[in-house]
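Spelled out, the chains give:
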Amino acid sequence: MPRVALTPEAADVLRGLRADHGDLMFHQSGGCCDGSAPMCYLAGEFRTGSSDVHLGDLAVDEFVIPVWMSAAQFEYWSHTHLTIDVVPGRGSGFSLEAPLGIRFLVRSRLLTDEEL
Amino acid sequence: MAKYAAPGQPDSVITYRDRYDHFIGGEYVPPAKGQYFANPTPVTGEDFTEIARGTAEDVERALDAAHGAARAWGRTSVADRANVLNKIADRIEANLEMLAVAETWDNGKAVRETLAADLPLAVDHFRYFAGVLRAQEGGISQIDEDLVAYHLHEPLGVVAQIIPWNFPILMAVWKLAPALAAGNAIVLKPAEQTPASIHVLMELIADLIPPGVLNIVNGFGVEAGKPLASSRRVAKVAFTGETTTGRLIMQYASENIIPVTLELGGKSPNVFFADVAAQRDAFYDKALEGFTMFALNQGEVCTCPSRALIQSDIYDSFMGDAVERTRAIKQGHPLDTDTMIGAQASNDQLEKILSYIDIGKQEGARVLTGGERADLGGELSGGYYVTPTIFEGDNKMRIFQEEIFGPVVSVTQFSDYDDAMKTANDTLYGLGAGVWSRDGSVAYRAGRDIQAGRVWVNNYHAYPAHAAFGGYKQSGIGRENHKMMLDHYQQTKNLLVSYSPNALGFF
Numbered sequence: 001m002p003r004v005a006l007t008p009e010a011a012d013v014l015r016g017l018r019a020d021h022g023d024l025m026f027h028q029s030g031g032c033c034d035g036s037a038p039m040c041y042l043a044g045e046f047r048t049g050s051s052d053v054h055l056g057d058l059a060v061d062e063f064v065i066p067v068w069m070s071a072a073q074f075e076y077w078s079h080t081h082l083t084i085d086v087v088p089g090r091g092s093g094f095s096l097e098a099p100l101g102i103r104f105l106v107r108s109r110l111l112t113d114e115e116l
Numbered sequence: 117m118a119k120y121a122a123p124g125q126p127d128s129v130i131t132y133r134d135r136y137d138h139f140i141g142g143e144y145v146p147p148a149k150g151q152y153f154a155n156p157t158p159v160t161g162e163d164f165t166e167i168a169r170g171t172a173e174d175v176e177r178a179l180d181a182a183h184g185a186a187r188a189w190g191r192t193s194v195a196d197r198a199n200v201l202n203k204i205a206d207r208i209e210a211n212l213e214m215l216a217v218a219e220t221w222d223n224g225k226a227v228r229e230t231l232a233a234d235l236p237l238a239v240d241h242f243r244y245f246a247g248v249l250r251a252q253e254g255g256i257s258q259i260d261e262d263l264v265a266y267h268l269h270e271p272l273g274v275v276a277q278i279i280p281w282n283f284p285i286l287m288a289v290w291k292l293a294p295a296l297a298a299g300n301a302i303v304l305k306p307a308e309q310t311p312a313s314i315h316v317l318m319e320l321i322a323d324l325i326p327p328g329v330l331n332i333v334n335g336f337g338v339e340a341g342k343p344l345a346s347s348r349r350v351a352k353v354a355f356t357g358e359t360t361t362g363r364l365i366m367q368y369a370s371e372n373i374i375p376v377t378l379e380l381g382g383k384s385p386n387v388f389f390a391d392v393a394a395q396r397d398a399f400y401d402k403a404l405e406g407f408t409m410f411a412l413n414q415g416e417v418c419t420c421p422s423r424a425l426i427q428s429d430i431y432d433s434f435m436g437d438a439v440e441r442t443r444a445i446k447q448g449h450p451l452d453t454d455t456m457i458g459a460q461a462s463n464d465q466l467e468k469i470l471s472y473i474d475i476g477k478q479e480g481a482r483v484l485t486g487g488e489r490a491d492l493g494g495e496l497s498g499g500y501y502v503t504p505t506i507f508e509g510d511n512k513m514r515i516f517q518e519e520i521f522g523p524v525v526s527v528t529q530f531s532d533y534d535d536a537m538k539t540a541n542d543t544l545y546g547l548g549a550g551v552w553s554r555d556g557s558v559a560y561r562a563g564r565d566i567q568a569g570r571v572w573v574n575n576y577h578a579y580p581a582h583a584a585f586g587g588y589k590q591s592g593i594g595r596e597n598h599k600m601m602l603d604h605y606q607q608t609k610n611l612l613v614s615y616s617p618n619a620l621g622f623f
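So the protein lines, in turn, are chains S and E. Note that our numbering has the first sequence beginning at 1, numbered continuously upward. Note that our numbering has the second sequence beginning at 117, numbered continuously upward.
Hints were generated in silico from the structure; no laboratory data involved. All the pointers check out, no bait thrown in.
Computed Cβ-Cβ distance ranges for the label pairs, DEER-style:
hint : chain 1 : residue 1 : chain 2 : residue 2 : range
1    : S       : Thr48     : E       : Met600    : 30 to 38 Å
2    : E       : Asp180    : S       : Pro8      : 40 to 48 Å
3    : S       : Thr80     : E       : Gly124    : 39 to 47 Å
4    : S       : Ser78     : E       : Glu143    : 51 to 59 Å
5    : E       : Asp196    : S       : Arg15     : 50 to 58 Å
6    : S       : Asp57     : E       : Lys512    : 26 to 34 Å
7    : E       : Ser557    : S       : Ala59     : 53 to 61 Å
8    : S       : Leu100    : E       : Pro375    : 27 to 35 Å
Predicted, not measured: the structure shown is a model, and the values here were computed from it. Don't be surprised by glycine CBs; every beta carbon is placed ideally from N, CA and C.
Taking the hints into account, I'd like the entire structure generated from these sequences.
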């Protein structure tokens, strides 16, 4: 059952980032200024471990981008489906898209009974 | 009322430059790659200056300057270092209005707050660390008659500081004052959302600080923050931000075996026991204001009281008064001194808040007031404004568990003390909390039982120097705002000295 998806606009941005940087990953952040937002890194830049949950993989053309979240945070998010979108803005953190003047953003909906 | 003229207008107290470079080695230097990025004001959404887009080359240059200056600064007497801090405080105080307007223009917050809080607290913070530095003592431990351990403080050397955008000047000062006092040289990266006001401050105090002791490299996190945080040439990283970046910074620090201090946000419970409403008096009025504190600084505070827990006995009447109080918050032009809530700091922050309001509604939370973007008309239509919003719902909902960083409070009820503590502690975070009761015993016990580094009892959102501030749980590591932060910027040197003339007798 897919928990994560992409808007076409976000997929376009990821194509560009992939071409510029290489393989990618997402880790959903919590807390403070630039938090509660998906962070896009080079694959392997952020070390995931037993305290993280692999939410799923996003397919953009022939490449795949895994999406992660901390397990503790997932307990509160597990009933929602996440779509990664992109908006104009000035993101911080070390997310790769920020210098482009855009910011990835999560849009959420409740999972249906069938999906759960 | 009064309204300050916007920066750039002929009668404004501040005129921003058209461009800001990096401040390295005591002077402004252009970025190695020659690139700049536009900086808009959240008040109108219009660009007002451009900022150097730093890269690893600029970070290296700043680290060169810092390493060149660190030794001499670390050996400067504590009296002289404290004097520098006091002079910085005096300079800020003498230019307080100008800095306050500059800060409002860069960040979007109401000028009422920058005038009364951000800048006065920054002044006091420098004076506080000047004072505690003079009063700091090492230790002497007599191990036995002939063996003495001397404990001395030494600076770490060159430290990295990454600053958030919610209080651009004050959060920089929280980190700068203890680091400078402790004798370190600094490379600081401001947030790319609010990179300008710190340079107004820097230009104002540049002549007071030896060249190279304080360096500012602007730019984006991935281009400038990452090379700084992962550098083998820094002895410590201090960061305020969110959990994923905090973890990443700890990963870099683990590669270099250096300490970090992290302040990573929260989802602070504000707990109102029934006896708060025993009388309709000044204390009840204070408690209602305490509830409404979620809107302070547009909710862009790591300790925003974004969960309100109200005892069931008084829930309906208290919330009736609380909604009325919240609707009385005056939203308007941030440079108008009557304005209580200004603009969110950036467009993506606005979008994120709106996305949370959306998921709150989907999860079945009820909007008691607000719940939408505010269009204030005229030039402000392009700015980023949100109506103060109260949700009523359940603590398991995402709007009760995630930091929205906007003027949004999620309210729920509790039946008794144990129920209150269970809900208050049902969160990943532990930065701030509020407890409101006329019963000192209840307030004390609740303050101890809530797992948070700062519990305000019968007040909220006060940040005086000399009251330690920092997180439990996933809210971070370290305590700012207190003399103990000096320790976070110092090594302990132990000299173990034998005064015995005789050999041990082993060999």
